[in-house]
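**Q** Just so you know, the sequences run in chain order A and B. Heads up, the final residue of the first sequence is numbered 529 in the numbering used here, and it's a clean run with no missing numbers. Heads up, the final residue of the second sequence is numbered 529 in the numbering used here, and it's a clean run with no missing numbers.
Do not take every clue at face value.
Repeated chains share a single entry, so a pair holds when one copy, or any two copies, can fit it.
[Unchecked claim] Distance condition first, Cα-Cα at most 27 angstroms in a straight line; then the derived DSS-like pairs of lysine-lysine:
id, residue 1, residue 2
1, 21, 306
2, 510, 14
3, 411, 453
4, 186, 176
5, 315, 24
6, 510, 453
7, 230, 411
8, 453, 95
9, 128, 24
10, 453, 306
Since the hints were made in silico from the structure, they are not lab data.
Protein chains: 2
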Amino acid sequence: MITWNNLDTIKAYGELEKVAKVNLQEAMAGENGANRVRNYSVPMAAGMAYNYAAKQVDDNVIDALAKLAEETQLIEKYAALYNGEVINTGEKRLVLHQMTRGQLGNDVIADGVNKRDFYVGEQKKIADFANKVHAGEITNAAGEKFTTVVQIGIGGSDLGPRAMYLALENWAKVNNTFKMEAKFISNVDPDDAAAVLHTTDLAHALFVLVSKSGTTLETLTNESFVKDALKNAGLNPSNHMVAVTSETSPLAKSSDYLAAFFMDDYIGGRFSSTSGVGGAVLSLAFGPEVFAQFLEGAAEADKTATIADIKKNPALLDALIGVYERNVLGYQNTAVLPYSQGLSRFPAHLQQLDMESNGKSVNRFGDPVNYVTGPVIFGEPGTNGQHSFYQLLHQGTDIVPLQFVGFKNNQMGKDVVIEDSTSQQKLCANVVAQIVAFACGKDDENANKKFEGGRPSSIIIGEQLNPKSLGALLSHFENKVMFQGFVWNINSFDQEGVQLGKVLAKKVLAHDTEGALKVYSELLNI
Amino acid sequence: MITWNNLDTIKAYGELEKVAKVNLQEAMAGENGANRVRNYSVPMAAGMAYNYAAKQVDDNVIDALAKLAEETQLIEKYAALYNGEVINTGEKRLVLHQMTRGQLGNDVIADGVNKRDFYVGEQKKIADFANKVHAGEITNAAGEKFTTVVQIGIGGSDLGPRAMYLALENWAKVNNTFKMEAKFISNVDPDDAAAVLHTTDLAHALFVLVSKSGTTLETLTNESFVKDALKNAGLNPSNHMVAVTSETSPLAKSSDYLAAFFMDDYIGGRFSSTSGVGGAVLSLAFGPEVFAQFLEGAAEADKTATIADIKKNPALLDALIGVYERNVLGYQNTAVLPYSQGLSRFPAHLQQLDMESNGKSVNRFGDPVNYVTGPVIFGEPGTNGQHSFYQLLHQGTDIVPLQFVGFKNNQMGKDVVIEDSTSQQKLCANVVAQIVAFACGKDDENANKKFEGGRPSSIIIGEQLNPKSLGALLSHFENKVMFQGFVWNINSFDQEGVQLGKVLAKKVLAHDTEGALKVYSELLNI
């Protein structure tokens, strides 16, 4: 029997607060530190590992976190989710994004269909369509192949798919699976669409319109912008556009599109990269086989997340350490720092995934919570960040927990030896050096050159950023965010915070305003 | 006589702490809110305005901040800086980035030269070089024009110039001043250089190598990577490369470069966009006249920052409100939210500018401070962010102060009318709606749909993002950061926090390691 309780009513949480705090500088010094690095490591899917040696925890803290996981029934709640219970209580919906990449528990029948069959069916439709585009069986009106795919979508229909595309673009190029360049239009700022269209060969471009509801104003506006451009170029828009939407949306049966691929209300935008939202553009860009490998990595990580032993479940452990940092140690932010240029927009995706899911102040029953919930997430790739905001991370007055990601090998296989090391070795040496510098610090007579240390970090280590490891990485963070939402007893799957602005924007556009709204509108000439 | 004192010893700061806190929801309601929007606005350079109506301040708070500005001698300290005093006490250097765009005070003679003459001379050298490249007087060995410029640099040699390039790229295209595409290589991850080179026509590419010291390992490594690629393509690297460096650097007199343009130790990397670091790539991409307009906007904002009246000095006011939010109200972060796709990487530049300058725990004399200093800075363009992390900003458990930027007109002049409004109108309506939603919130019987409000924001409003307004915007934030550093009594112009990692990375590469460093290195196969 699952029960949903606020964190501050959980007995194990009270015990966790009492566990002696770890002195990270001491813990990571000398042979003790070396042993921590050896022991505090959990295998992840796709051959990766989650290493938490430099987190401000020890066996006592981990034991207390394990009790917290047990008392809050995290594994049972995850099982309830993938077995089709209404976990999104705010919108009264199932939460089935894991099912786009595998079948973890029972068959889930909803809306009269087996949902796994439904998702697999749509994937197959997308794969067939992409294969036909690549083979020149689906072409423009002149019978010429499409060379570019342009996704039109915003939020979850943009950030995740864009981050995944950038993560695999160069890998695909050197592995001969690169089929079409992908571009993205998201912002209602007309300069966004205008700039993308300015550099796009419209006659050979295929547009993927992504909106679950079919009513997202930014996306419909940009669709219209694109259609005007196609018409002005003497092209018929319906020959250049496919839709990814829900079956009940106005886009679903329109003759305006070459094809429509379906998702449903059980997949939130920020969890939709493994659905058709990511599937169409990624299958067109890299081929359906690459997308299948991506799903395989995600499915493997979903399965790892079912393990009850916290020391063998990296998503669960990562989630609980994050809760400990947030609620017990009082840290407000988390920086995500991938040492891989391919992951340049992965932090922006995680920023949405985490902050939109867990930036909540009421629990699942609509009652205010008396503790802090989701942190602010930000980050940029290393080593770039080292020459930028790391100054504050090292010597600022607040401690920011860090989440590193690193790979042993690069994606493109080209490298150069300078001062006896390759660039890849320099990259890896830097991430290792940063972890130790943040944890241990350094004393100096000159206080300006003194590093306090005690700044906790973890690292996910993989062999290479490729479709499978990327899928596993994506799923790891989705599951981390889900587990944290369970611990905080909040609903991670709705997003009421995006609604109020929409209502007010409509008032402004209708000139139905007064007070501050009216004067601001005048200032901006609306 | 200037004196440098810690914030917690300032009498006016004690008084500021005692001023009654503003209830932002009440202040921004009804006609009172409308009056605040009308009155709480300060003209900025380039026809822009800084509006702080939705900040958690009132006349009493502003008066107290004015006293704080006076007692901490902020305007006098700024004058000392531009008159050539050694403001960067850590590295014992002058701080002269403003001089790259104007002469605010006395002539400054250093290293035996008039520094303004020196910076102007280098700008002229760059302008002449760029004009000759555009005219086809400087070409590749085959006598063909260069079509692409690729900047090789990291940190301040990358983020600022890249953000400025992206901000003006589309403006230049529609204003017929677009001369050459620019690309950027920064990360030591070999995939960064490999990916850029993969899509670059090497025979017609001009590389700009930027390193003040001439010793930045990432940049020298990437230079070598590029040279290998040029040689493999049968090209002579020295025909394809210019350097931006200091006169004392090993790069300064090398025959490896077509030309060398100079900066000096008095311009920090993150403040160098208006020096040759930004000047070379921007002049090559858009022409020297566009770069001159950019400098003009920055110079105008620098001059506005000399005004002693806090209500007429937007950088000073913005800085002090930021200190109030950080030290009195206790907010840890600031989100930068430009409603302009052209500013897509402007937040990343500000993240470096602010966090690297003010992420410090010791004062100018090396003594620990007893108060918090620089905040964490993050942000993405709106409306994109509205569909992502704004959820936490609206309904999360922590309050994050917001800095909006918006323009009345778009850059490319193309738009579409949907539901009776243009995209530009929708964009502006959204930023206005967000400001009011964050400040006023909304009550609802369903707590899940309730918005507390009380979340402070300011907005900078301009006519259009163009070279002049961009320069003014850049300078506004540089001066804001400088004033805040003065208030906190820290040195905003050094960056010891980037050093320790470098030392440890060298140890790793030399296999001179033990403890945690050794085991991490093994895990990453270094």
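**Q** Does each hint fit the structure? Answer for all of them.
**A** Hints, verified against the model:
no., hint, result
1, 21 / 306, "neither (33 angstroms within a copy, 55 angstroms between copies)"
2, 510 / 14, "neither (48 angstroms within a copy, 46 angstroms between copies)"
3, 411 / 453, "neither (31 angstroms within a copy, 47 angstroms between copies)"
4, 186 / 176, "both (16 angstroms within a copy, 19 angstroms between copies)"
5, 315 / 24, "within (23 angstroms within a copy, 49 angstroms between copies)"
6, 510 / 453, "between (54 angstroms within a copy, 19 angstroms between copies)"
7, 230 / 411, "between (45 angstroms within a copy, 25 angstroms between copies)"
8, 453 / 95, "between (53 angstroms within a copy, 18 angstroms between copies)"
9, 128 / 24, "neither (54 angstroms within a copy, 59 angstroms between copies)"
10, 453 / 306, "neither (44 angstroms within a copy, 36 angstroms between copies)"
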